[in-house]
Amino acid sequence: MKRLATLLIALLLSSPGAAFAAESVQIQSAQVKGGSLTLDVSTPGGPLLDREAFHVTVNDLPVEELVARPIGGRAGASGAVLLVDVSGSMKGRPMSDAIGAVQIFLDGLQAEDEVALVTFADDVRVVSDYTADHEAVAEAVADLRPAGETALYDGLLAALELAEDRPQQQRNVIVLSDGGDTASRAGLSSVLNGVAVEEAAIYAVALKSDEYSPATLARVADVSGGRILETSDSAKLVALFQDLVGMLASRYELRFEHPDPEALLAEIDVEVDSSSGSVTGSRSFVLGQPGGVGEAARSPRDLTALISLLVLVFASGFALIGAFMGEVGKRRSSPAQRVAWYETGSSGEPLSEDLINAAILQRAKDLATSLASRAGYLERIEREVDAAGMRWRAGEIIVASFLIGMAGAFLGWVLMGWILGLAVGILGTVAPTLTVKYKAGARRREFRKQLSDVLLVMSGALRAGYSLQQAIQAVGDDARPPASEEFRRTMAEVRLGASLDDALNALSHRIGIVDFEWTV
Numbered sequence: 011m012k013r014l015a016t017l018l019i020a021l022l023l024s025s026p027g028a029a030f031a032a033e034s035v036q037i038q039s040a041q042v043k044g045g046s047l048t049l050d051v052s053t054p055g056g057p058l059l060d061r062e063a064f065h066v067t068v069n070d071l072p073v074e075e076l077v078a079r080p081i082g083g084r085a086g087a088s089g090a091v092l093l094v095d096v097s098g099s100m101k102g103r104p105m106s107d108a109i110g111a112v113q114i115f116l117d118g119l120q121a122e123d124e125v126a127l128v129t130f131a132d133d134v135r136v137v138s139d140y141t142a143d144h145e146a147v148a149e150a151v152a153d154l155r156p157a158g159e160t161a162l163y164d165g166l167l168a169a170l171e172l173a174e175d176r177p178q179q180q181r182n183v184i185v186l187s188d189g190g191d192t193a194s195r196a197g198l199s200s201v202l203n204g205v206a207v208e209e210a211a212i213y214a215v216a217l218k219s220d221e222y223s224p225a226t227l228a229r230v231a232d233v234s235g236g237r238i239l240e241t242s243d244s245a246k247l248v249a250l251f252q253d254l255v256g257m258l259a260s261r262y263e264l265r266f267e268h269p270d271p272e273a274l275l276a277e278i279d280v281e282v283d284s285s286s287g288s289v290t291g292s293r294s295f296v297l298g299q300p301g302g303v304g305e306a307a308r309s310p311r312d313l314t315a316l317i318s319l320l321v322l323v324f325a326s327g328f329a330l331i332g333a334f335m336g337e338v339g340k341r342r343s344s345p346a347q348r349v350a351w352y353e354t355g356s357s358g359e360p361l362s363e364d365l366i367n368a369a370i371l372q373r374a375k376d377l378a379t380s381l382a383s384r385a386g387y388l389e390r391i392e393r394e395v396d397a398a399g400m401r402w403r404a405g406e407i408i409v410a411s412f413l414i415g416m417a418g419a420f421l422g423w424v425l426m427g428w429i430l431g432l433a434v435g436i437l438g439t440v441a442p443t444l445t446v447k448y449k450a451g452a453r454r455r456e457f458r459k460q461l462s463d464v465l466l467v468m469s470g471a472l473r474a475g476y477s478l479q480q481a482i483q484a485v486g487d488d489a490r491p492p493a494s495e496e497f498r499r500t501m502a503e504v505r506l507g508a509s510l511d512d513a514l515n516a517l518s519h520r521i522g523i524v525d526f527e528w529t530v
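Quick note on numbering: the sequence shown equals residues 11 to 530 in our numbering.
Some clues are possibly wrong.
Pairs of lysine-lysine residues, derived as BS3-like cross-links and limited to a Cα-Cα distance of at most 25 Å, are as follows [said to hold, decoys possible]: (1) 447 with 459; (2) 218 with 246; (3) 459 with 449.
No wet-lab data here; the hints were simulated from the structure.
Using the sequences and the hints given, assemble the complete structure.
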């Protein structure tokens with residue numbers, strides 16, 4: 011078990027998705043035109059690059075000749091929408107540092123570059139449309155006052171709408187936020203659809219806080235071809251915004267003969283020899299008909315990642331269930347199911363429809379039970395289920411854990427990426443087990459509170475001349491749950507042929523309270 015846990019931790023730490031802010035080439039868009047393929051790419055910044063610095067492959071086919079043209083400057087003014095979080099969590103130093111950082115960003119732009127300003131809190135406000143008057147935007151930023159909740163998704167949609175009709179080099183959104191969405195009417199799926207339609211690049215500057223949700227911003231930035239820059243110190247915002255100035259100035263249009271013109275799906279890899287070394291970037295596009303703009307697509311590598319994610323979720327969840335339940339060497343043979351039926355006074359034969367429905371999941375439950383038995387903690391799961399007073403069996407708990415975990419992993423992967431998918435999947439896998447343990451713990455605590463009253467009832471019955479079995483029956487009849495339920499079950503086991511000692515020992519083992527074990 012320890013080896014498995016160590017392996018899972020190593021896989022998570024070595025995962026390439028752990029460093030969102032690492033420098034790389036970002037492929038913003040791809041377009042087929044007259045047999046040529048045109049890419050819009052961003053590089054980490056630095057001196058102006060020529061075509062010799064770019065190395066491109068499409069579906070693993072190398073591009074021999076290409077034309078590289080810088081976007082912005084002589085090629086046309088660059089620009090961006092500044093989307094600033096003015097919610098209440100930004101009060102104080104975070105807001106003042108953010109204002110200073112945005113003003114430094116504005117000072118670093120070229121005179122012809124155009125920017126717009128949008129803020130979001132409870133509501134979204136377009137403070138300024140695209141303008142080259144950087145001083146006016148700086149004055150508007152200086153007047154920002156934080157208050158309210160965080161409508162992040164609504165703000166992103168407003169910024170995307172503002173960038174809709176701008177030239178490609180101006181369809182950038184720079185969002186500064188310190189928390190997750192708490193007030194939007196729109197959802198994340200609407201934002202992701204908007205990014206695909208508008209072909210805007212999202213550059214997220216994330217100020218870590220208690221409400222910070224990295225997966226959301228990372229997902230949006232990744233899908234758009236942008237980046238996420240993170241810091242927990244608002245004083246470092248200035249440096250991050252200075253980096254953003256370089257990113258806007260380091261965009262290039264690459265045009266070349268399409269090496270695989272018959273393919274609808276293009277897996278594009280770009281390597282750039284920059285002043286800081288070699289950097290790379292990859293992205294898949296569904297190119298469609300010539301003249302059409304490629305839409306970002308999930309590549310086969312994404313499907314491989316999904317399969318790996320589901321396997322990792324199941325392995326992690328099963329390991330955690332083992333950690334929660336502990337390891338026991340043998341499976342017990344207990345008449346628990348027959349006792350539960352006998353205890354509730356059920357009668358008659360089961361309906362044929364019930365038998366058919368039960369058979370559908372029986373193989374899955376048998377497999378889960380066998381797996382838990384081999385892993386060595388089936389008995390502990392059954393004991394906790396019994397202590398919780400639930401009618402479920404261990405195999406059913408494990409099957410439910412598997413199904414919830416897989417569903418959570420898939421939904422998390424689709425909506426937020428594989429990191430959130432992994433987290434949601436593992437949480438879903440262990441949720442049924444945690445529920446059982448919580449219910450068992452609560453029931454044990456209640457039994458412990460009733461123990462003194464139970465012993466008084468039994469001692470009174472014995473002094474009155476009743477037998478021990480009659481005293482136990484009196485507790486089952488007169489006490490409150492869970493004591494009444496447990497003692498009725500004990501008497502049911504005795505009626506089924508168990509000795510009184512064995513039935514009481516089973517009760518003691520099931521409840522797991524030291525004082526009661528000593529009494530028995």
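Outcome of the hint check:
no.	hint	in the structure
1	447 with 459	18 Å, holds
2	218 with 246	12 Å, holds
3	459 with 449	16 Å, holds
Taken one by one, the earlier hints all hold for this structure without exception.
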